[in-house]
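Colleague: Single-letter residue listing:
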Amino acid sequence: MKEKAILFIYGEGGHRAKMQRLFNYMEKELVMESDVKYISIYENGDLLDSINYDGYEMPTVRDKYSKFRTLINIFVKPYKIISTLFKIKRKYDTRIILSTGPGISILPIIFFKLFNTKTIHFETDSRFMTKSLSGQILYYLVDKFYVPNKSLLKLYKKSEFSGQL
Amino acid sequence: MKIFVTVGTTKFDTLIEFLDENLNKSYEVLFQISDGTYIPKNFPYIIYSDDINTLYKEHDYVITHAGAGTIYKLLDLKKKLIVVPNLDRIDQHQTDIADFVDSNGYAISCSDFNNIPDSLELLPKKEFTQYEKHMFFKTKEVCEIIMESLA
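Each protein sequence line maps, in turn, to chains A and B. Here the first sequence stands for residues 245 to 409, where the numbers follow the working numbering. Here the second sequence stands for residues 287 to 437, where the numbers follow the working numbering.
Keep in mind that the hints are not guaranteed to be accurate.
[Unchecked claim] The calculated DSSO-like cross-link candidates involving lysine-lysine, where the alpha carbons are at most 27 Å apart (straight line), are: (1) B:Lys343 to B:Lys366; (2) A:Lys394 to B:Lys419; (3) B:Lys424 to A:Lys357; (4) B:Lys419 to A:Lys401; (5) B:Lys424 to A:Lys402; (6) B:Lys424 to A:Lys248; (7) B:Lys426 to A:Lys388; (8) B:Lys426 to A:Lys394; (9) A:Lys375 to B:Lys419; (10) B:Lys359 to A:Lys272; (11) A:Lys398 to B:Lys426.
Hints are computed from structural coordinates only; laboratory data are not their basis.
Using the sequences and the hints given, assemble the complete structure.
Modeller: Here is the structure:
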């Protein structure tokens, strides 16, 4: 029987820092059964601190400086991402995904939604009057969409204000 | 005047090069350049720091890219800062938070590098609005959703 798992998905820098704070808050509240595993999909070696869990590093698809390189990556890199998702699927019973974005979250959330995994996304703290690219997509995919700034409630009508992580 | 310049995890060579060439040489400046390819000639630099909070505290003023994590940390520390959105990136998302901090009086935002030297001169006497963070308050709700999904 596969282990139940909570999957954390986060990009580098601020996205990882935000997930770390969420994890620290949750660790104090959650009374977890010993058979539940924490797993993580992350970018560029930027793994969460101080938890013993299974981590899967993903290639970065979106190039910060070049649309051309991003376009190439869209065709070249999904194979590794999708094969990793199947590996996680074979090994774990992933019950819930917590995501702080950015684009790294999109494919895994689409994939695991096919298997009825619960999904929560925490929108980036850097947005006030505009939507992030990943937010525009994830808003329609996830079960719960939290925004850190009240001004975003106008842009994402069904979101919930959560305060800043 | 001790100034720390930070670009976070994403290179911002145009900013580093401009500041290296245009900041007053009497300033004590330290650059954090990430994976940038422009190497400062006039001031010392570091790639990254595991103890960046100490560097924030050791400097009078900070010039930072407009990354949310860095900005909120510096506002928490009540540092006087100049925020520069990284427009070298193809996504221009840093302008959103840069406009937010500037229009609310939490910091000075400079999209045009040419304004940075004058803004630095203003910093010692400039009074800023104190930022009050809306702390995350959904931990219990998120934990309940997690527990339901595991049942």
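Colleague: Which of the stated hints cannot be reconciled with the structure, identified by number in ascending sequence?
Modeller: Of the numbered hints, all hold.
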